[in-house]
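**Student:** Here are the chains, one letter per residue:
Protein chains: 4
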Amino acid sequence: MKTSVIGATGYGGVELLRLLAHHPELEVASIHSFSQTGEPISNQYPHLNSIVTNTLEEIDADHIANTSELVFLATPPGVSKELTPGLLRKGLKVIDLSGDFRMKNPDEYEQWYKRPAAGREDLAKAVYGLSEWKRDSIYGADLIANPGCYATATLLAAAPLMKEQLIEENSLIIDAKSGVSGAGKSPNAMTHFPEIHDNLRIYKVNEHQHVPEIEQMLTEWNENTKPITFSTHLIPITRGIMVTMYGQAKREMTREQLKQIYEESYADASFVRIRQSGYPSPKEVCGSNYCDIAVTYDERTGRITVVSVIDNLMKGAAGQAVQNANIVLGLNERTGLDIVPLYP
Amino acid sequence: MKTSVIGATGYGGVELLRLLAHHPELEVASIHSFSQTGEPISNQYPHLNSIVTNTLEEIDADHIANTSELVFLATPPGVSKELTPGLLRKGLKVIDLSGDFRMKNPDEYEQWYKRPAAGREDLAKAVYGLSEWKRDSIYGADLIANPGCYATATLLAAAPLMKEQLIEENSLIIDAKSGVSGAGKSPNAMTHFPEIHDNLRIYKVNEHQHVPEIEQMLTEWNENTKPITFSTHLIPITRGIMVTMYGQAKREMTREQLKQIYEESYADASFVRIRQSGYPSPKEVCGSNYCDIAVTYDERTGRITVVSVIDNLMKGAAGQAVQNANIVLGLNERTGLDIVPLYP
Amino acid sequence: MKTSVIGATGYGGVELLRLLAHHPELEVASIHSFSQTGEPISNQYPHLNSIVTNTLEEIDADHIANTSELVFLATPPGVSKELTPGLLRKGLKVIDLSGDFRMKNPDEYEQWYKRPAAGREDLAKAVYGLSEWKRDSIYGADLIANPGCYATATLLAAAPLMKEQLIEENSLIIDAKSGVSGAGKSPNAMTHFPEIHDNLRIYKVNEHQHVPEIEQMLTEWNENTKPITFSTHLIPITRGIMVTMYGQAKREMTREQLKQIYEESYADASFVRIRQSGYPSPKEVCGSNYCDIAVTYDERTGRITVVSVIDNLMKGAAGQAVQNANIVLGLNERTGLDIVPLYP
Amino acid sequence: MKTSVIGATGYGGVELLRLLAHHPELEVASIHSFSQTGEPISNQYPHLNSIVTNTLEEIDADHIANTSELVFLATPPGVSKELTPGLLRKGLKVIDLSGDFRMKNPDEYEQWYKRPAAGREDLAKAVYGLSEWKRDSIYGADLIANPGCYATATLLAAAPLMKEQLIEENSLIIDAKSGVSGAGKSPNAMTHFPEIHDNLRIYKVNEHQHVPEIEQMLTEWNENTKPITFSTHLIPITRGIMVTMYGQAKREMTREQLKQIYEESYADASFVRIRQSGYPSPKEVCGSNYCDIAVTYDERTGRITVVSVIDNLMKGAAGQAVQNANIVLGLNERTGLDIVPLYP
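Residue numbers (the UniProt record's numbering), protein chains in the order written: chain A, 1 to 344; chain B, 1 to 344; chain C, 1 to 344; chain D, 1 to 344.
FYI, nobody ran anything at the bench for these hints, they're computed from the structure.
Just so we're clear, the structure is a prediction, and the values are computed from it rather than from any experiment.
Fair warning: there could be bad hints in the mix.
When chains are identical, the list treats them as one kind, so a pair holds in a single copy or across two.
Here are the simulated DSS-like cross-link-like pairs (lysine-lysine), alpha carbons at most 30 Å apart as the crow flies [to be verified]:
id: 1; residue 1: Lys204; residue 2: Lys134
id: 2; residue 1: Lys90; residue 2: Lys104
id: 3; residue 1: Lys259; residue 2: Lys114
id: 4; residue 1: Lys250; residue 2: Lys163
id: 5; residue 1: Lys226; residue 2: Lys259
id: 6; residue 1: Lys226; residue 2: Lys250
Just chain A, with the same shape it has in the complex (with noise of 0.2 Å):
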């Protein structure tokens, strides 16, 4: 089946193509950007020489129709929302790593994000694809708005916490930390290697625009969901995001029948490893779709520790949005992503 990538110079689209460049059912008909047209794209990312050898189109709705049956959009905030009703007239297929779609109150995509929303009737087509717990929409679905990478580590992790019941609803807390590549190919003041490098920064403290994503989710697994707390830290790695949460357990228990509980829930999502013993690390899921997990009780306060790693351009972008498109489509979900993490 023939796909474009449309935003394929960025860190998310340069990364469809690695997954795109070996998958045995996806071929890559032509990619686009919004600059650099009618440049090999290898001009820019040398290390696709002799790899990738599509050159960058402008967009054109219409010859994407003509050459695409389905589409990745990596584009920044506020493209695909004005892209997309075109490409779903077309009949084209959808996966959009952006934003733009994955509220389904537009007032709160404006609060958060402060630039106008998509219009109601395209949000309401449009599928949240955490695809571990949403399979079911997902498959046949014409759009897909891929979750936030803080998003997929969050929801992961507090999935089991919340559809259970094992916390308290108000005492949920996320202290998040993020690699560098999650802030874009474009360089800026906070990620110019003097500034972040031995260094590590908080930002966007319970303003980060991953939170209504998270709470909608949340709220969906259990109506009782108050306000999270959410801190965004960048780190100077390249890639990974780990997430550490807390909340306050209801009842008392044990690490081992946390851990079951987590095991259980994700009993047929392979690509959601539960560590048996010890704490997961991003190297560990570095270049692969995999979401690692460890849970911890602790007797003296009566709280849950978890903790969640990914990639955050594999299982955070570019690898959950493969994953889409593969249960869109009706293939396995490792199609294409069977692969091992790059360690060290």
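Fit chains B, C and D to the known structure of chain A by using the hints.
**Tutor:** What follows is chains B, C and D alone, placed relative to chain A:
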């Protein structure tokens, strides 16, 4: 005044040598270690060439008593417990950077450190050296238990919360991040470059040995203190600790009000800087004795977030040790510590 | 075809497991180490959870001969010298990643490695596995001495210079930079994070044990080869080698002419990519078997500069080992190695 | 004595502020920049909170002449060329950290910098401020052209080679490695964290603008100097330069003899430290004004290798600028520079 440094070859010891090299009132009479005695320390640390010409000597209490009036102990756990009583008997002032004398209750020490505690009498002599809050007790004391690095960053951030009863006493959650120099000079699997570079790790979840000294001090400030949740993360930076602290506010407030309480609490603490806007990062205090703190209040959740950063080898170890020596001796506490952070 | 990996717990070994997990023709029958036998390798390397389920076994030649037809030895110096003769007698093909069989002259080995060499007869059986230049000898061979990581990056860069007699034979200067994974998995003072992070070190100046294998190969290409100057630097990255090579040109030329000679030299070498413009960086080959090369000629000095980069664990170790196994067995040399570099 | 810093918001400027904050003879009367005037510099650099309280002012030569007697210019290329003549006319001493006044020959400047040179008369007034070798000319001078960072590390390493005619004059090859702070404070694609972290890059091969000032100084020392080969690499560290230098010895020697020549050459240079054994690394001079040098001679090739390290923002910029100011004013050259390197 003549001083000796015992344990001079560790990172805490060598940082003491940096500070003492330019301290106008303290002069290094001798340096001591368990190994490599007879060699100039600059063999092992060539950055000290032409600056520190001392040769490492064996640890001999009689000899030290003859040459020095004040001793810094930067030794592994369990060592100062053995050395200190003899040094005190000879009339020396002792600043102990290890954890041996921090806990008043030997049982708690043994529970968290998994090793025998110092004697109750010796423990009774020690003053917990959290400089900003213990100045009166430190002045003239014979034995200072210098706080742990995590404990320093945590307690300076938590003091106003607990003393002013701003938060529910059972709601304190501390998510702490430390650079790798905090793990000391001995290589191990966790500090091997390929394992922690471009990576981070959570470790000792709810089990870190700095928990009891934190709770001991919090309880002194507020007798309703309940057990804390305390998570430690190893971050791929050399120096620096960041503590992100969460607590449920007892009443509504504004960020401005909260900031003002912190400013008043630290009005006469020149090493504690309250941020007017934004959040601090560890590089902003690198090589200095500052602790930078920012606070915020979230209306959605009613929670307070406090962020504090220190250089773990400075305010978290050697810097606070020199500050305490200054206070013990009645000097201005900034003597020898008037250092501009090294940025970038 | 069944294979065994001896020395599976080192970085070279675990990288072999990554490659073999998805190699369509080679299957891992058993993995072996000197320690932790009886345990699943995923205990030590949790990134392999649910992917590699093998348990570490003792090293028993008879047993290995029963289960496998080809063996990879990723063992410390001096080990394969002992194991290989027995394995060969049992009819196994051996790919040795250590330096034990690289030198034809045992005296040179002993001079540079400071340890006893393998026997002359055994050495005579070994083929030096620089894949691109030794394909004919490798095909069908029983024992492959896989080149060193520095040697691979150096020789691929130097081959056209020496074979085409482009430079004065006594003018070759090689300034090599390597990531820390090249130092192996055992922690030591030089690889301790606080020592090498935000730092770099030059080491083994003119004394590196890869010098003799480089000179042996250069001499095979050009009998007028003179001793080389070879400096190695440890750089704070995990994977990757960059070689910067200088030579005095025998005649004037343009960058374009020089590039063309390199392109012709590597016309049928799909893993060697000659840069059309700019210079390569190690991240552009990360996780892959590529060697990227750029060349330039300086009119002011009449000198040629060649820059080459590889992933030291891939083209510099496990990747080339699998490439050699493919050639030995008559497979397409890219089998199982068609990997897109992980960027960024 | 009152001084002003123009270009205070760059990394060189802010490092000057660190040094001047504790300089006993120089006081900062005013700081200037092209942007953010009217704001305290601590808004932009919070590490200066409570330490440097100056507000950024516009650049007004008259005003500066009224408040200061000596000016540091830490401005981008082409700026000091415009400002300096006016400042000199008003009787100010000028220390220029940019490249504008380093070349005596304006044609060479224009060839390498690709921009118009300063006037010949102004160039004639400038003294090249390589402190250790130009003390007599610097003393009392009005205009100091502070050397480039690469040039400083290179020239201090090369001086004995060329002055003592130890090497063939056409054989000098310099392989230089620099931290990213050398690229300045403005973010760009090359200094974006995900691009250079866990990576390194070679750039400006044979084209770096420090080449002509190096050759100018070498020629002053040895009129037979020939063009040099000079390669620059960007390394993922913040501060620090390492130069690895190769030359063909004119005669056989021992490492010991070579070391002795260097020790004699730098007998009265307290900031240049010759290593008795081993090789220096940049972290060993971090934050200080030292240049550490090691030398070796290789019998196999007859080549000398010299390794030098500096902190590019200190001995390579602000440190040497203060050292030069001290010499200009007849102070001890270590005044305000007696700083222990920050290690680790």
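**Student:** Each hint: holds or not?
**Tutor:** So, going through the hints one by one against the coordinates:
Taking the shortest alpha-carbon separations for lysine 204 and lysine 134, only the intra-copy value of 28 Å comes in at or below 30 Å, while the best inter-copy value is 35 Å. Proximity of lysine 90 and lysine 104 under a CA criterion of 30 Å is satisfied intra-copy only: 23 Å inside one chain copy versus 67 Å between copies. Taking the closest pair of Cα atoms, lysine 259 and lysine 114 come within 30 Å of each other only across two copies (27 Å); inside a single copy the shortest separation is 39 Å, beyond that limit. For a Cα distance limit of 30 Å, the shortest separation of lysine 250 from lysine 163 qualifies both inside one copy, at 13 Å, and across copies, at 29 Å.
Proximity of lysine 226 and lysine 259 under a CA criterion of 30 Å is satisfied in both settings, with 24 Å inside one chain copy and 26 Å between copies. Both within a single protomer and between protomers do lysine 226 and lysine 250 lie at most 30 Å apart by alpha-carbon distance, with minima of 15 Å and 18 Å respectively.
When held up to the earlier numbered hints, the structure conflicts with none and fits them all.
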